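Please arrange chain R on chain D, whose structure you already have, making use of the hints.
Chains as they are written, first to last, in this note's numbering: chain D, 1 to 179; chain R, 1 to 244.
Calculated from the structure, these hints are not laboratory results.
Being a predicted model, the structure only gives us computed values, none of them experimental.
Glycine included, each C-beta is placed from N, C-alpha and C at the ideal position.
Where hints are given, some of them may not hold.
Pair by pair, the computed Cβ-Cβ distance ranges are [stated by the list, open to error]:
| hint | chain 1 | residue 1 | chain 2 | residue 2 | range |
| --- | --- | --- | --- | --- | --- |
| 1 | D | Ala47 | R | Arg176 | 31 to 41 angstroms |
| 2 | R | Tyr107 | D | Ala47 | 32 to 42 angstroms |
| 3 | R | Gly79 | D | Ile80 | 51 to 61 angstroms |
| 4 | D | Glu71 | R | Ile218 | 46 to 56 angstroms |
| 5 | R | Leu39 | D | Glu71 | 34 to 44 angstroms |
| 6 | D | Ile51 | R | Gly15 | 36 to 46 angstroms |
| 7 | R | Phe69 | D | Ile32 | 47 to 57 angstroms |
| 8 | R | Pro151 | D | Ile32 | 47 to 57 angstroms |
| 9 | D | Ala47 | R | Pro151 | 46 to 56 angstroms |
| 10 | R | Tyr226 | D | Ser38 | 31 to 41 angstroms |
| 11 | R | Phe69 | D | Ile80 | 38 to 48 angstroms |
| 12 | D | Ile51 | R | Leu43 | 20 to 30 angstroms |
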Amino acid sequence: MEAFAAESGGMPQLNPEFWISQIFWLTITFGILYVVLSKLILPKISANLEIRKLQIVENIEAAEKQREQSELNIAEYEKIVQNSKDEAKSYFKQAREKLLKGINLKKDALDKELNEEIQKAESEIQELKDKAPEKINKIAVETSADLLHQLIGAEVNNSSISAIVDDLSRRKMGEYYGN
Amino acid sequence: MATNPMHQFEVYRIGPEIKLGAIDISFTNASLFMVISSLAILLIFNLGSKKNSLLPSKVQLLAELSYSFVSKMISDTAGSKAKPYFAFIFSLFMFVLFCNMFGMIPYAFTVTSHIIVTFILASFIFVGVTIIGFMKHGLGYLKLFVPSGVPVVLLPLIVVIEIISYLSRPVSLSVRLFANMMAGHTMMKVFGGFVISLGIVGGWLPLSFSVALTGLEILVAFLQAYVFAILTCIYLNDALNLHH
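The following block holds chain R by itself, in its conformation from the complex:
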């Protein structure tokens, strides 16, 4: 059972079964790591914003650098109109980043390795961006599917492709994150299993591989959070500044 690389993704109930009517909303290990990630974010950023000294402390510097990093990312990709959505994208980036990073701790659960979690986030973004687009431009938002400068003959085909690509956004966004996290963690588990099964003689090779993979996975954890946030910015840019 312990050697099954998929076992780490198992969700199990912690504490009593909680039912809301007929729906099971029990607290699980997934819920636990969502809570831990959120609390860690709130703790760090609360410490980092508590007092403002001219020479920032390390935590303050961390908080302010993260703030400037996300702020720059948004203004670079979506322009100044995206400012009201800064808090959401910041929360999103931090939530995904912390969930990914907490997943790197051995025996920890990776919240973002579950398709349902990433899909809900991506769907929320998709629906939100679509609503923003229609609110800003009315039916003119549909022009997003009609790129300018395309021959009329090709137009029906292009429009269909554009609509499919638009509708597949939540799927691609959620699957990218979920698949990356699941694949990485599965691979680490597989190599970890090799270390045990090959023993003291042959275990060194998979062990060194495992060490290298850990570094790579930390990079992936950051990168996927960044990609998730920046794609959200790009979708938001489409909705705010309609020019295709």
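If we strip away everything but chain D, and leave its shape as in the complex, we get:
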């Protein structure tokens, strides 16, 4: 404390008493600090930063790859969906055609049957039409003979009556049957 008392007016910094000691300890501490930092710690920090950078770049690359893969997957998926749509459409079309074909076939068969029926009926009608005048003539002849017999009591020859009836019916044929 005597030294301090002597220096108390001025700056302790200018008291050379401990200058050598300060230089010595500065050299020791700063030297050790420099050696440990430069040889051990700073290379580690540098490596850490480098590794981190690499890792981040790697992760970004991996993410990019996965994104591309997912895009491919989406394209594939869309293709599959489109294919199934097309397939469904073609199935529908086929079924429709098959159904229409079946309907047409049945329709044709039915038409044919109907035509046959119609023809049959028409031919029957024709037959009936053809036979009708003869029967009518016969009935006319018989009734005429009966009427004549009851009216005048005379037997008239059937052949002469039928000749008259034939003649009449031939003349009136057009009026009755519209042929």
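Here is chain R on its own, set in the frame of chain D:
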């Protein structure tokens, strides 16, 4: 004695007197804070570099941000050629910064408030930079004192000025740091003394001033460490990339 603002800069022996021959190299409070600062730096940066996780912990982030900060400072001012000196400038910046910051703790000793410490650091830088300059450029390094594009008439004067400014580098570098630290700490002590002497009635004004000064001094502590490191980079740049 406690009110003497210069008392905080007093160096005293801790433990026994150590003599190396006739030279006194006793362990002092200054030595203690050099050791504390260095150990703190080593501890923090060792913790910050121990394990490398993709999401850094706070200490790791601190270490890595400091690393990038100094790395960028060097490459911005001295270019890529200064890479081999990165570790030195990093140690220098951290040492000065931690010594300054530990000095901000009340009753702590500020290592960098002593001219002998800053002068030794600055001289080492000066000598180192000069050696690097002569090793890289030989005698061509002397061209540093002859700026290009100066009229021949003015040349003798300019060269003398350049040489003086070059030689004063260690002085300006060391005095800047030392004076800043000493002035700041003295001022804080003076205002602290006012708080006591003015008492409960008038002490509030110097107290608030003291609080503001503490903030300012923390800024100065960082800034002076930064200035010290960046000037070292600029001197190194002169030595590495000679173009004046």
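How the hints compare with the structure:
| no. | hint | in the structure |
| --- | --- | --- |
| 1 | D/Ala47 / R/Arg176: 31 to 41 angstroms | holds (35 angstroms) |
| 2 | R/Tyr107 / D/Ala47: 32 to 42 angstroms | holds (40 angstroms) |
| 3 | R/Gly79 / D/Ile80: 51 to 61 angstroms | holds (59 angstroms) |
| 4 | D/Glu71 / R/Ile218: 46 to 56 angstroms | holds (54 angstroms) |
| 5 | R/Leu39 / D/Glu71: 34 to 44 angstroms | violated (56 angstroms) |
| 6 | D/Ile51 / R/Gly15: 36 to 46 angstroms | holds (44 angstroms) |
| 7 | R/Phe69 / D/Ile32: 47 to 57 angstroms | violated (23 angstroms) |
| 8 | R/Pro151 / D/Ile32: 47 to 57 angstroms | holds (51 angstroms) |
| 9 | D/Ala47 / R/Pro151: 46 to 56 angstroms | holds (53 angstroms) |
| 10 | R/Tyr226 / D/Ser38: 31 to 41 angstroms | violated (20 angstroms) |
| 11 | R/Phe69 / D/Ile80: 38 to 48 angstroms | violated (55 angstroms) |
| 12 | D/Ile51 / R/Leu43: 20 to 30 angstroms | holds (23 angstroms) |
Checked against the numbered hints above, the structure breaks hints 5, 7, 10 and 11 and satisfies the rest.
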